[in-house]
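S.K.: For reference, the chains in residue letters:
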Amino acid sequence: MAGTLSSLNTALTALRFNRVAMDVAANNIANATTEGYARRRVEGEAIGAPAQPALWSRYDGVGGGVATGATERMVDSFLDARARREHGAQSYLDVRAGVLQRVESGIGEPGDNGVAAALADFRSGWHDLANNPGGDAARSQLLARAETLAGALRNQATNIATEQSDQRYRLQAMVSEVNTVASDLAATNANVAVAKLNGTDAGTLLDQRDQLALRLSELTGSVASVRIDGGLDVTVGGVALVTGKDAGSFVISGGVTPSGGDDGQPVSFTVVTGAATVAVPTGLRGEVGAVADLLTTTLPAYADGLSAVARTLADTVNAQHAAGYDLGGTAGQPLFSYNAADAAGTLTVVLTDPAAVAASGVTGGGFDGSNADLLGVTGPADGDYQRLVNGFGTEVASVQRLAVSQSLLTHQVDGAREQLSGVNLDEETVSMLQAQRAYEAASRVMSVMDSVLDTLINRTGLLR
Amino acid sequence: MTTMRVTQNMLSDRSVGSLQLGLSRLAKVQEQISTGRVLNRPSDSPTQTTAAMRMRSSIADQTQFVRNAEDGVGWLGVVDATLGGMTDQVRRARELGLQGASSGTTSQTARDALATEVEQIRDGLVAAGNTTHLGRPVFGGVTSGSAAFDASGSFVGVPGEVNRTIADGVKVRVDVLGTDVVGPDGASLFDDLDALVLSLRTGDTAGIRTGLSALEGRLEDLGSLRATAGARYSRVEQAAQRGRDAVLDLTTSLSEVENTDLPRALVDLKMQEVAYQAALASTARVMQPSLLDFLR
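Those protein sequences? They're chains W and V, same order as listed.
Position 314 (the first sequence) corresponds to 346 in the numbering used here; numbering is contiguous.
Position 51 (the second sequence) corresponds to 289 in the numbering used here; numbering is contiguous.
Looking at chain V on its own, in the form it has when it is part of the complex:
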């Protein structure tokens, strides 16, 4: 800019203006350092703000998916352990049945004792069928009651699936319905055991053998149910891990978008400080002299 005349007012206006500019730049860097964020309001960078909002929303969703999956892991863990315990008990019942089936060596007294033990196992299995997780019977479907089976072994739950959303739009069933575990009322595991007890008491070896083959089938069913539950367990667990990884990744990206690059900001601060001090010093020099200082 070519300037014909320069007046004292121009100098002071310009000095004040550039001091103000320097100070406002200093304030901007200072804000970035003290808040630790480069995005303090949407206008700092509208695009980055949208990106940050999306990431925040994704982080919240992923955190929730991890929570859901961890909850699902709890359910499936209880289901797996309960199915395992039930398998052991059914196997034990089958062994007892086998002992009772050898007609030559086992007396009726011994069979009665075996029958009593099988009855105990049956009751134990009903109790296992009523296993709860956080107050809800895991085999009871969506029942609001506290048990899946009554004392007689008939199903009292409400059919329905307990699902957990482990990723966007991905649901995994975390329960097993009681009727799938023990079979429908009237043809259930408990009915088989009742029949076995009866056969043992009456010494009906043919009946015992039928009961044994039925238990064989039950064991296979339980095994495949356990396999399914186990597969879901590992799937849910993997999903939880994936979710945790995603949260970590997203948090890192969010920090890249939102947070201040501290070394750079500090260098900036130093530079602005130097510029501001230079402006102050030059103002102090320019403002002082006038012709009057040199006239006598």
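Next comes chain W alone, as it looks inside the complex:
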């Protein structure tokens, strides 16, 4: 038979366990809206017969109460890995869509104030001049329209250059965030390992670890794997960035100068760990990957397209202009000039004298308008520009669609994580009530035992 006082001890274990259960419920409720908090659950374990009682003896008790087991964090490491991947893809698309939309709104097509409208005005300026080759007003108007056209092209080129420079600064800020987060994660890894060893509850540290790893994935599309000591190892593009308690440093190795300028190279990164420097392959995801792609491919492609339009326009107009004669009868001088390195950004009207516009197709200074008429013909620049805008619009539309469908997936994965890890207040209330009732019942057990012992000790043998 079990000892007389063992029931008291059983009640005591119940009191202790239910205290912990109420603490856990209270903590869950307190953290119901904390970002990155995974709900906890305390495991109770029934204390039964020892597996190996003493030699030549047997255990004849009915159980010794409840032992307070480990406090479990309700997470699924596979879901977490999935969430990191989807968040990396999501932030890549979101950043890309945001920047492209901003650039797109600066294009102003289709509308009355874009480059296409300026081109049409420019052409009609030549026709007006052809109708009235002697008129000073028509000549001045043509020069003004040429200036408007060059201004519209320069404006777009400046927009893109500004966006590129903004994105370079942004990339630098992001890279420094990557390094901060990576070193925080390494420090957290070290703490987790220590907590695991000395048996402290590592729950909060693990929440923090998962948060940091998620942020790192959002920034770089990095992949994390769980270490045996409870930490997370992180690789960026296959290159190890965080290994246990050590974090490498993520460095921009090309494309952006330390002062935020453009060095003309594609954007590239390396990870420096101690003495080793490893190049990160291209094709990163996350915000950093998005900005790198924008700076290396997308924005330069549009700027080049715009420059090609400006070059074609200036070359065709200048060539046809040179074939004509101005009011004084001399052959036409170039109307536009540009710097071949950045045609759209440097396109300027060099002709300032209205009389120098070569409207005439014949020498001798007559009022002939045949060259102006030829200059008013739609050149290839118009079609090129339409194709460029169409291509860019298609790209923006496609990125927007991708971002929307990716957000459905991301939400779904987030929902699955929330299903597992989220705090449900009703559930917590129920478990708090359960613990409360169990606590009351256990204390009742104590008072019952007390009165039983009272009977046994104080009343046994008394006859009254």
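Hints listed in this document are in silico derivations from the structure and should not be mistaken for laboratory results.
Everything hinted at is true.
Have a look at the derived ranges for each label pair, beta carbon to beta carbon:
hint, chain 1, residue 1, chain 2, residue 2, range
1, W, ALA169, V, GLY323, 26 to 34 angstroms
2, V, THR443, W, GLY360, 53 to 61 angstroms
3, V, GLY255, W, GLY183, 37 to 45 angstroms
4, W, ALA354, V, GLY455, 41 to 49 angstroms
5, V, GLY274, W, GLY130, 24 to 32 angstroms
6, W, GLY360, V, SER340, 53 to 61 angstroms
7, V, LEU500, W, SER437, 25 to 33 angstroms
8, W, ASP261, V, MET242, 26 to 34 angstroms
9, W, GLU77, V, GLY255, 39 to 47 angstroms
10, V, GLY383, W, ASP144, 35 to 43 angstroms
11, V, ARG243, W, VAL283, 40 to 48 angstroms
A few chain V residues that don't get close to chain W, going by computed Cβ distances all over 12 angstroms:
hint, residue
12, THR417
13, THR448
14, SER472
15, THR490
16, GLU511
Note that CB positions come from ideal geometry on N, CA and C, so glycine has one too.
Take the given structure of chain W and dock chain V to it, following the hints.
M.R.: Below, chain V without anything else, positioned relative to chain W:
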């Protein structure tokens, strides 16, 4: 989606998410209505954007062609009227010559008077040859000067064509060169009239008859020139009308591509509004109760 557990956070996240979605749809329709355009940026529809840009470019071109044609109509109108006036004057000169040619009935005094009148007509014709349109002599070719003929009637213009582009790649000549109207210097209408005046003054009836037949030829030339100018006039006028029609058609098509179909957008707006209100109401209901409301 089968959901095992639902948490308050999930509810609030989903509510906020769907409210956001409803609001963004509402904003999209609202933008279409307030700007009156469905194409506000290229990504709204890249293909339609290209179509719209092409149409805008065509509208600008056609408008310009109409302007060119209207300018051409002005030129050809002046040319036609001037040629008409010149024909009348040459006819009058011929009548005067006929009077002078009847040797039996006309005295030399009367012939002198006729000669003076023919001289006047000649001067009038030189003035008519210098008719200008917007400061440019219509018979002067591409001259930058203000006259096609000097006082003696010799051509001082610069040979060349004044053309107007009335459609893509279609040019029409809107002037007539002075030497085509009166003939080359030395054998021009003015020289014929000078000869007629001389013949009238000297009473040379044979000379008068030669002059008369020359004027006959001039009248025919002027008539055919007028016919050509008239044909061009109507061609240019038709082109202007065609251009105006094209601008109208293109503007209509552009509006179909670019502009908001208002009734549809308003119905859309109403629908999105209802959906948004429903989402708001359901959120308000879902967020309130918890088990704590029912526990005592």
